[in-house]
Amino acid sequence: MGPVTAGVLQLLALTGALALVHIPLGTYMARVYSSQRHLRVERWIYKGIGADPDTEMRWPAYLRGVLVFSLAGVLLLYALQRLQGVLPGSLGFASIDPDQAFNTAVSFVTNTNWQSYYGEQAMGHVVQTAGLAVQNFVSAAVGMAVAVALVRGFAGSRSGELGNFWADLVRGVVRILVPLAFVAAIVLVACGVIQNFSGVHTVGQFTGGSQEWNGGAVASQEAIKELGTNGGGYFNANSAHPFENPTPFSNLFEIFLILVIPFALTRTFGVMVGSVRQGYAILAAMGTIWLGFVSLMMWAEFSHQGPAFELANGAMEGKEVRFGIGGSSLFAVSTTLTSTGAVDSFHSSFTGLGGGITLLGMMLGEIAPGGVGSGLYGMLVMAVIAVFIAGLMVGRTPEYLGKKIGTREIKQAALYILVTPALVLVLTAAAMALPTPGHSMTNSGAHGFSEILYVYTSASNNNGSAFAGLNADTQWFNTTLGIAMLLGRFVPMIFVPALAGSLARQTPVPVTAGTLRTGKPLFAGLLVGAVLIITGLTYFPALALGPLAEGLA
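The numbering used here numbers the first residue of the sequence shown as 107 and each following residue consecutively.
Hints are computed from structural coordinates only; laboratory data are not their basis. One thing to keep in mind: the hints can contain errors.
[Unchecked claim] The following label-pair restraints were derived from C-beta to C-beta distances: (1) Leu181 to Ala659: 45 to 51 Å; (2) Ala659 to Thr121: 30 to 36 Å; (3) Gly642 to Pro166: 15 to 21 Å.
All C-beta atoms in this analysis are idealised placements derived from N, C-alpha and C, irrespective of residue type, glycine included.
Could you build all of it, start to finish, from the sequences and the hints given here?
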C-alpha cells in the first residue's frame, strides 16, 4: 500500500468514526445541559464551593463566574509551580521561575497549554497531576459552558437568562469529560501509552545501552489533553513521543479525541435550539473547511518534487516514520483547526505551504471544528456576521434563528473577531522590530518571520502548538505570550455572554417568505465564504511575508 493510499484510508476511517458517534454524543450533551436533575456528587461539589445551581444568571453574572473561576485557577496553578521544590513527588525538580510559572499558569487555564519548558525535566507529579491535568478538565468545561450559554441566548425568549455557570461547569466535567477521558485512557494504555509513577527503564535495541525515564500518569493526561483540545504533554516531544503516542492506531485515536466533542457540539446546538438542521448547517461549514485543509496539507506534503522527496515519497523531514505523511498531515490540520497544542510532527519542517496551512488554520479562529466549546461559539459569531452580510446584500434586516441582528449584536460580533488579529499582528510587529526577541530565532528570512508569526498566532488563538526552532523560554516571550493568551481567551469571551444576553432578551420573530433559510446548504456555503474572506483580508500581508514567500520561492 502506498503512502497516499494509506493517508486517504486514515481520513476515511476517521470520518466514519466521527459520523458514528455524532448523533448519540451530541444528543447526550444536549440532555446534560438541559437537565433539571443534579447528581449526588454534583450536589457535594456545589455545597463545597457554595454555589446554588438552580439560580438563573443573566450575562453579567455568568461572565463574572467565568472570570472569577479562571482567575482562581491561574493563582492556584502559579502557586503550585512556585512551591514545587518543597512539594512531595517533585522528582527533585526545583520551583519554576516566576516568568515561566506565570506563562504556564495562564497557558493551562486559558486552554492554550503552550509549554516553554521540557515537561520531563521540569514538572513533578503533583504539578503535572493536581495542577496541569485538573486544568485540562476545567478549562475545557469553561469553554463548553460559554458555548451553551450562547446557544441558550438563541433559544431563549424575553428572559435574558443564560442558565447557571456553576451548574454548566460541573456537569461538563462530571457527566461528559471525566467519563469519556476514563474510557479513552484505558484505550491508550492498551495501545502502549505509559501510566505509572515509578519511572520507565528502557534498553537500546541496537546500542545495548539503557536509559531511565520519569514515569507519570501519562495515559490519563493524554486522554483529557486531546479530548479537551488542550495539548500540553508530559514530554517535550509531545504526541510524537512513543510513551504518549506509540502506534499508528493510537495516533488516529488521538486525532479522533481531538475532533469528537467539537463536531458533536453542533448536534447539541441543533437539539437545544429545536432545529437539528441548523446544527447540520454549522457542521457542514466546519466539515468543509476541515476536509479542504486536510486535502491541501496532504497535497503540499506529498507532491513536492526533487530526489529527497521522491525517495521518501514526500516531505518526511520532521515527521515520525510510525505515522508517515498522511497521519502527520491529519494531526497537524486537526490540531491547528482546533485549540489543541498537541503535535506529532515538527511543524517547522513542513514545506513552506504546509507550514502556512497550519498558520491559516489558527488564523481562521479555530472554528472548524475549533476548540471544545470555543469552536462552536466562534462559528456562531461568524454565522451572525454571515447573516448580516446576507441582509446587506438583499436589503433586509438580518435574522438568525428568529432573532434580529441589530446594531448591538453586530458590534459585539465585530469586536469578538477583531481582538485576536490585533494581538497577533501588533505583537509580531513588536517582536520583529525590537532587537532582543530576534535573538531567539534560529532561522532568518521568511522562515524566521514565520516562527515569530506562528508563536503569537498560537498564543493569541489559545492553540498552544509550536512551529519550533524558536527559543521561547525568555522573559520577553514568557511575558508577552502569557499576556497574549490571557487577552486572546477572555477579551473575546466577554462579548459572547453579552451577545447571548442581548439575543435572549428578544422575542423570536416569525419566519416569512423573505427569511434567510439558515438551515440550507446555501447558508453553509455563505458561512464558509465569510470565514475565508474575513481571514484572508486580515492576514494575507503577514502570510505573504512568511509561508507564502517561502513556499513560492
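Each hint, compared with the structure:
The hinted range of 45 to 51 Å is satisfied by Leu181 and Ala659, whose Cβ atoms lie roughly 47 Å apart. The given range of 30 to 36 Å is respected by Ala659 and Thr121, whose C-beta atoms sit roughly 34 Å from each other. Remark: the range hint 15 to 21 Å for Gly642 to Pro166 is contradicted by a beta-carbon distance near 35 Å.
The earlier numbered hint that this structure contradicts is number 3, and it is the only one.
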